[in-house]
Every structure is written in C-alpha cells, then in structure tokens.
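As a plain string of letters, each chain reads:
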Amino acid sequence: MYDVTRRRFLLTAGAGGLALVSGLPRPARADSAPLALYNGQHRPPVEALIAAFTKSTGIEVTVRHGNSAQLASQIVEEGAHSPADLFWSEESPSLVATARRGLLAPLDPETLQQVPAIFSAKDGTWIGATARCRVVVYNKSMIDAAALPPSVLDFATEAWKGKVAYAPNSGAFQQQIMAVMILKGRDAALAWLKGLRDFGEVYNSDSAAVEAVEGGDIAVALSNNYYWYALAREIGEADMNSAIYNIGRGDPGTLVTVSGAGVLKSAKNAEAAQRFVAFMVSEEGQKTIVEAIAEYPLRPGVTSPFPLAPFAGLDPAPVTPDQLGDAEAALDLLREAGLA
Amino acid sequence: MSDALGDIGSGLAGGAPRSARRIALGRPPLLLVMAALVPTALILLPIVYVVLRSWSAGWYAIGAELVRPRTALLFWNTTVLTFAVTGLSAVIGFTGAWLTERCALPGRAIWRIALSLPLAMPAFVASFAWKSLGSEFQGLGGAILILTLESFPLIYLPLAAALRSMDPAMEEVSRSLGRNGRRTFLAVVLPRALPALGGGALLVAAHMLSEFGALAMLRVQTLTTAIFQQYELQFDNATAAVLSAVLMLLCLPVVLGEIALRRGQRVSKVGRNTARQRSPVPLGRLAPVALLGLVALTVLSLGVPFGRLVYWLIVGLSAGRGIDTILPALGGSLSLAIAGTFVTTLVALPLVLLSLKSRGLFVRIADRLPYVVHGLPGLVVALALVYFAIRLFPAIYQTAWVLFAAYAILFLPLAQSAIRASAELVPREIEEVARTLGRGPIAAFVSVTLPALAPGLGAALALVALELMRELTATLILAPTGVSTLATEVWSHTNDGAYAAAAPFAALLVLISGLPVYFFTRRTLTAIRR
Chain Y
0 MYDVTRRRFL LTAGAGGLAL VSGLPRPARA DSAPLALYNG QHRPPVEALI AAFTKSTGIE
60 VTVRHGNSAQ LASQIVEEGA HSPADLFWSE ESPSLVATAR RGLLAPLDPE TLQQVPAIFS
120 AKDGTWIGAT ARCRVVVYNK SMIDAAALPP SVLDFATEAW KGKVAYAPNS GAFQQQIMAV
180 MILKGRDAAL AWLKGLRDFG EVYNSDSAAV EAVEGGDIAV ALSNNYYWYA LAREIGEADM
240 NSAIYNIGRG DPGTLVTVSG AGVLKSAKNA EAAQRFVAFM VSEEGQKTIV EAIAEYPLRP
300 GVTSPFPLAP FAGLDPAPVT PDQLGDAEAA LDLLREAGLA
Chain U
0 MSDALGDIGS GLAGGAPRSA RRIALGRPPL LLVMAALVPT ALILLPIVYV VLRSWSAGWY
60 AIGAELVRPR TALLFWNTTV LTFAVTGLSA VIGFTGAWLT ERCALPGRAI WRIALSLPLA
120 MPAFVASFAW KSLGSEFQGL GGAILILTLE SFPLIYLPLA AALRSMDPAM EEVSRSLGRN
180 GRRTFLAVVL PRALPALGGG ALLVAAHMLS EFGALAMLRV QTLTTAIFQQ YELQFDNATA
240 AVLSAVLMLL CLPVVLGEIA LRRGQRVSKV GRNTARQRSP VPLGRLAPVA LLGLVALTVL
300 SLGVPFGRLV YWLIVGLSAG RGIDTILPAL GGSLSLAIAG TFVTTLVALP LVLLSLKSRG
360 LFVRIADRLP YVVHGLPGLV VALALVYFAI RLFPAIYQTA WVLFAAYAIL FLPLAQSAIR
420 ASAELVPREI EEVARTLGRG PIAAFVSVTL PALAPGLGAA LALVALELMR ELTATLILAP
480 TGVSTLATEV WSHTNDGAYA AAAPFAALLV LISGLPVYFF TRRTLTAIRR
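Chains as they are written, first to last, in numbering that gives the first Met the number 0: chain Y, 0 to 339; chain U, 0 to 529.
Hints may be right or wrong, so weigh each one.
As the list claims (entries may be wrong) - Stretch by stretch, here's where chain Y covers chain U in the computed footprint (C-beta under 8 Å, at least three residues):
1. 82-91
2. 188-197
3. 213-219
4. 241-251
5. 393-401
Source of the hints: derived by calculation from the structure; they are not laboratory data.
On a predicted model such as this, the values are computed, not experimentally measured, just so you know.
Even glycine gets a Cβ: it sits at the ideal position worked out from N, Cα and C.
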C-alpha cells in the first residue's frame with residue numbers, strides 16, 4: 000500500500016513537472032513579435048516610457064532588464080542572432096562598445112535632431128536620452144560644506160583617509176576616470192586612483208556608497224546625483240542627513256554623463272524600434288522619463304519635477320560622451336592601480 | 000547482525016575497503032551510461048568555455064593575471080571565507096544535530112524546524128538586513144558571521160538524518176565489546192556521520208566560492224565578486240575567465256577531500272526502515288545552556304533579517320511601488336523553479352545510480368565533476384550557455400530550456416547528494432534478488448529501487464527548488480524575455496535603492512522558500528524513521 004502511494008507520488012509529481020515545462024512561455028513567432036528591448040537603465044523611467052509608448056502606438060514591448068555592460072556583453076556574444084531590437088543603456092560606454100563592433104544601425108536623422116548633438120554618437124548610431132551628473136554627496140553632521148575641496152582630485156589624499164566612498168566597478172566611475180585622464184593626463188589619473196585605493200573606501204555601487212554616507216558610516220561619497228534623490232524619496236527629503244555638493248568649475252568631479260539608446264542592425268522590428276527611440280526623445284517621452292527618475296531631460300524645453308541643480312549652472316567638466324568612448328583605457332588604469 | 004559486526008570490524012581496521020563488495024559490481028547497463036552522458040556533457044560546457052576564453056588571453060596574460068598582488072588578495076579572501084564559514088557551519092550543524100537527534104532536548108520537533116528554516120533566507124536578503132544595522136557587519140568578519148548563520152542548515156540537515164537513521168544495534172555492539180561512550184562515538188558514530196558531514200560541508204564550501212550578492216553588499220572582495228566586476232567593466236573578457244579557472248581549481252581540493260571521506264563507506268541496511276528508536280541522552284544541567292544557544296541562533300539567523308524586512312515595509316516611502324508585478328513574479332519563480340527542479344533531478348538520477356553500480360575512472364570523474372563546477376558563479380555558467388546556445392542551438396536560445404540547462408549545471412550536486420543519501424541505504428543485492436525472481440532490469444529498478452529512492456528524490460526536489468527560487472544571475476541572463484522572478488525583482492528594486500518596494504518581494508520569497516524547506520525537513524527527518 001505504502002509503496003503504491005509513493006510510486007503514485009513520484010508519477011504525479013513527474014507528470015506535473017512535465018506539464019509545467021510544456022506550459023512555459025515560448026518565444027513569440029517572428030511575424031507577430033513584440034519589440035524586444037534590452038534595458039540597462041533603471042527600471043522606473045523605462046517602464047513608464049514603455050507604458051506611454053504602447054498606449055500611443057499600440058506596439059507591445061518586452062523588456063530584458065540587466066546591467067548595461069553585461070547586456071552589452073550579451074549582445075556582443077549573440078552577434079547577428081541577437082533577439083534584441085534595441086538597447087537602452089544606463090551609460091554611454093556600453094553603447095559605444097556595441098557601436099564599435101558594428102552592431103548598431105544608424106538612427107533616423109529627424110530623431111537625432113531632437114536633442115543637442117554633443118549628447119549623441121557622432122556617427123548617429125545612438126542617442127542620449129537623459130543626462131545626469133557626477134557629484135559629491137556628504138553627511139551634513141560629519142563634515143562642514145565649507146571644508147569640501149575645490150577638485151575631486153583632492154579627495155585622493157591622506158587628509159581624507161577613510162572618509163571617501165567610491166564604487167570602482169560602476170560605469171559612471173569609469174567615465175569619471177576617463178574625464179580625469181582627458182583633462183589632467185594619464186599620470187594624474189593613475190595617481191588619483193592610487194590615492195583613492197590607499198585612502199578611500201570601496202563600495203559595491205554608487206547607491207550603496209550614498210546610503211553609507213546617509214547612515215553616517217562615512218563622510219563623503221563620489222556618486223551620480225540621482226542616487227541621492229532616490230534615497231530622499233525613500234526617506235523623505237526633510238529627514239536626510241546628507242546633501243549634494245556640486246564642485247563645478249569645469250572639474251572632473253562634476254561630469255555630465257548620459258543614458259541612451261541604439262537600434263540593433265540585426266533588429267527584426269527595426270521600424271518599431273526607430274519609432275520607440277523617436278518617442279523617447281519626443282516631448283511626451285522626455286516628460287514621462289524625468290517624472291520617474293531624477294535625471295535631466297536632454298530635449299530643450301522639458302524640465303524635471305525634481306529639485307535638481309539647474310543644468311545650465313552646473314559648469315561641468317568640458318568633455319562629451321563621445322570623447323569618453325568605451326572607457327577601455329579607464330579599465331587599464333583601474334587594473335594598473337590594483338582596483339580591478 | 001553479522002553485517003553490523005563486519006562494519007565495526009572494518010572500522011577497527013581503519014576503514015579498509017571490503018573487497019567482497021566490489022565483486023558484486025558488474026558492468027553498468029548501457030542505457031544508464033547513455034543517460035549519464037547528458038549531465039556530463041552539460042557540465043563540460045562551462046569548463047570548455049572557461050578554458051577557451053582563458054586560452055584566448057594567451058599564456059603571457061594568464062601568467063600576468065595569476066601573479067598580480069590583487070589576485071593573491073582575492074585568493075586569500077576567498078579561502079579564508081570558505082574555510083571559516085564551512086568550519087563554523089560544521090560546528091553549529093553538528094551540535095544542533097546532536098542536540099535534536101540524540102539528546103533529551105525540550106521541544107525537539109520545534110528546534111528541528113528552527114534549525115532548518117534559515118535555509119529559506121537567501122543570503123543576499125540576510126546580508127542586506129544585517130548591513131542596515133551597522134557598518135560593523137560589513138567586511139570579511141561580518142560576512143563570515145552572516146553567511147554561517149544562513150549556511151549551517153546545509154550541514155545540520157544531512158547530519159540529523161544520518162544520526163537518526165543509524166542503527167542503534169551497532170553502538171550497542173560496540174559498547175558490549177567494552178568501548179566507552181567516547182570511543183564508541185569515534186569508532187562507530189563519527190565514521191558513519193562523516194559522509195553526511197562531508198557532503199554538507201562540500202555544499203557550504205561551494206556556496207562560499209560562488210557567492211556573489213551577499214558579498215557585494217558586505218563589501219568583501221573575492222574571486223567571484225572580481226569576476227562579476229570584470230564582466231561589468233569590460234567585454235569579451237579573458238581575465239574573468241582566468242579567475243574562473245582559478246576558482247574551479249580551488250574547488251578541486253574540496254572535492255578530493257570529500258572523496259577521501261567517502262572511500263570505503265557504504266551504509267546500506269538490510270531491509271528498509273529497520274532503525275529502532277533509541278532513548279535520548281539526558282542533558283541535565285546543560286539543558287538551559289543548550290536552549291539559550293538555540294534561542295540565540297534562531298534570533299540571529301531568522302529574527303534579525305525578518306525584523307528588518309518588516310521594518311522596511313513600515314518605514315520606507317517606496318512601499319508598494321511596483322506591487323502589481325508581484326503576481327507575475329511569483330508565477331515566474333514558481334514555474335521556472337518547479338520545472339527546473341524536475342529537470343535537474345531527472346538529470347542527476349542516472350549519474351548517482353551509475354556511480355553506485357560502477358567505480359570506473361569515467362564514472363568517478365563524471366560523478367565528481369559537477370561539484371567542481373558548483374563553485375562557479377552563475378554568471379559564468381550563464382555566459383557559457385549564451386555562447387554555446389547561440390552557436391549550436393539558436394532555436395532554443397532564450398527559451399526556458401537553456402535556463403534549465405544552467406540550473407542543472409549549477410545545482411546538480413544538491414540533487415546528487417540527496418539522492419545518494421537514499422541510494423546508499425538500498426543494498427545492491429535487492430535489485431539482483433528481484434532479477435533472479437524473473438524481473439527485467441528496468442522492471443526491477445522501477446519496482447524495487449525507485450520506491451526506496453523516494454525519500455532521496457523528495458529531498459533532492461525540495462533542495463533544488465529552494466536554490467532555484469533564489470537563483471539570480473543565471474535567471475537574469477537566460478530567462479525568456481519578459482519573465483521575471485521574485486529574486487530578480489528584489490535585486491532590481493534594491494538596485495534602485497527602493498528597499499521598501501523590495502521588501503514584499505523578499506518576504507514572499509522567504510515564505511515560499513519555506514515550503515521546500517519544510518518538505519525537505521520532513522522528508523529527511525521523518526521518512527527514514529517510519
């Protein structure tokens with residue numbers, strides 16, 4: 000009796016498993032396939048934009064979320080067989096890397112004209128969607144705003160030992176290294192990294208570094224601006240122990256970087272993908288995005304509802320996303336400094 | 000009885016192999032060999048990928064990568080973490096198993112559950128909870144504490160099962176031969192508990208080698224976090240492959256150690272469920288100490304992380320954001336985990352059966368290779384599958400099947416260990432008896448061996464389901480586009496700093512992980528005794 004029930008248990012369980020396998024979602028057929036988006040950008044703005052796009056055009060979008068660089072690796076690995084139609088990256092270097100491998104198609108010229116040309120690829124293979132800024136986040140009770148230095152390079156000194164949080168494996172930090180290298184030279188960039196290695200504290204992400212500052216674990220963090228706003232939304236801005244410091248003066252400590260998108264050459268839904276990118280930089284699209292994340296819209300005339308420092312007054316490092324390239328040189332420096 | 004005496008005899012002789020048993024091993028059936036080729040081929044994929052990618056770096060780059068001071072640091076951190084967590088987990092697991100199985104501990108049934116439940120708490124959830132209590136829990140020390148608290152059940156459970164299923168007759172015989180309690184323990188109990196201890200320790204060690212999410216949160220840099228970093232920073236990465244190769248080599252001594260432990264061990268019983276009840280050892284004045292220790296352990300391993308989840312639910316302003324995706328995510332978790340579990344267990348079964356029927360070199364390598372790969376991060380296995388699926392089987396790329404292949408590669412050893420625990424209790428002779436009575440090989444297997452394997456299969460299903468529920472990186476890369484799981488939602492919300500939004504997903508993940516843990520615990524701890 001007992002054996003029979005056991006055997007029945009196994010048989011039923013096995014049959015159930017097979018039924019579940021056969022019931023799993025299958026890839027849709029190519030002729031009716033929805034637009035396939037590989038997304039490395041933060042989800043809230045992307046999901047908001049997709050909802051608005053589908054509502055306005057009737058085109059369905061499926062999303063694969065991930066880290067921008069990992070998705071770029073995946074696209075490179077997939078090559079011409081990639082199921083992706085379009086790639087929305089949190090950072091421009093991932094777009095540059097896929098473009099350099101000849102995987103991105105040119106965008107519609109009309110789309111490219113919607114945002115200032117310096118925020119897109121020179122060859123028109125990708126377009127900037129939003130801008131954000133490298134900033135210094137500091138804990139108000141641990142450090143006096145007047146004591147903050149005039150350059151991000153100053154943090155890599157013994158005076159700041161144990162007080163500076165940074166995330167060497169974030170794409171944004173890599174771009175900051177590139178900016179230091181372009182503006183101050185390779186040797187200065189390497190010395191800066193070695194200083195941070197010796198005196199700074201490594202965090203896994205900008206968001207973790209900002210939280211550590213807010214929690215009083217460490218005085219200062221080098222971060223993108225919107226992580227502070229994300230935390231402020233979580234905690235309530237009035238209750239924040241930390242604040243943002245914009246260095247300005249063309250210093251690499253204030254660096255404007257962009258998120259952006261490109262259409263794959265191998266896209267099966269190339270036309271719909273082009274429409275999506277056009278929608279992304281349209282007035283409606285830009286409004287939808289910047290309501291969901293504290294980044295700057297790139298389309299002139301659209302404003303962010305977040306209390307951001309005015310874009311025009313940032314006085315950032317004078318380098319463009321195109322100049323930052325795919326950040327390979329930054330990785331070499333990170334490795335030379337023993338940080339990667 | 001003669002079998003028991005024989006076992007004690009071999010124990011006295013230092014575990015000498017019993018050659019009489021070996022003769023019973025015939026040539027393995029061809030069908031079984033064919034079936035075992037499937038997991039072997041799967042396991043070879045990431046190995047080939049790592050070798051190919053390392054090779055493309057060239058000898059000079061490989062050498063340069065190996066002698067960097069940073070590689071030494073990563074190697075050191077990885078080794079310290081692995082040894083410390085495995086050692087501490089073994090101590091806690093053994094103490095816990097001894098208390099609940101051999102001692103007159105008040106509330107044994109409840110403590111069994113309390114000691115198993117931390118399995119349901121994903122390490123990255125626990126780490127986030129602890130980290131938010133204070134920065135002192137970050138770093139290597141904090142990681143050792145937190146990961147031990149969530150890992151020890153992997154040793155506790157098999158050990159508790161082993162201690163329970165041991166026939167008291169052997170210990171009685173040993174005592175009747177004049178050995179005292181300590182010597183009986185060393186000569187009879189310990190050798191029989193070692194395979195369970197070794198198997199559990201191996202799993203903990205492999206988890207530590209491949210752990211990523213928790214360590215990233217706790218700011219500990221190991222080979223695995225460095226591999227992730229490399230992939231985040233660069234494309235076509237060869238140095239990450241070199242580090243992966245180092246990680247696989249680190250798994251080798253662990254696996255060889257476990258093989259040494261298992262050599263000459265065979266713990267079959269004549270007939271099923273013959274172990275008698277034994278009377279528990281009174282704890283006496285130690286009872287309050289034991290209870291206090293168990294309470295502290297439960298508070299640390301379950302109370303703190305759960306408390307933080309509830310706290311974030313109440314305090315965070317992002318609470319409820321994205322809550323409409325909770326049902327699709329639950330559906331994704333369940334369908335991927337359940338189906339993946341059956342695939343993984345099914346693939347593991349022939350491997351275990353073959354290893355019991357035959358001891359050839361191929362069989363031994365095929366049986367142990369999954370443990371070497373178990374230490375690889377999910378990211379590497381996933382990228383290997385992208386590489387091969389796109390080139391060899393483009394039609395199934397981004398279907399659930401590739402993900403199931405990754406699940407099988409990553410978690411075969413869990414299924415193997417659980418099935419083997421049951422399979423070793425089945426005397427080989429039984430199937431032969433069935434065959435001499437006129438049954439064919441398959442009929443003999445289905446009617447005699449398979450029912451006896453049921454507890455092990457149940458345990459395998461539960462353990463694998465548990466791991467698949469919380470698997471993150473392979474799922475992110477390989478899941479069919481548009482399919483999300485609870486784990487990927489937790490990851491993505493915490494990535495955006497929205498902890499309160501992540502909390503309901505994390506809580507649900509812990510709760511549904513509790514189901515396989517409960518099932519596994521019941522299977523492991525009661526089926527044997529009935």
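### Task
Enumerate the violated hints, using their earlier numbering and listing them in ascending order.
Checked against the structure, the hints that fail are numbers 1, 2 and 4, while the rest are satisfied.
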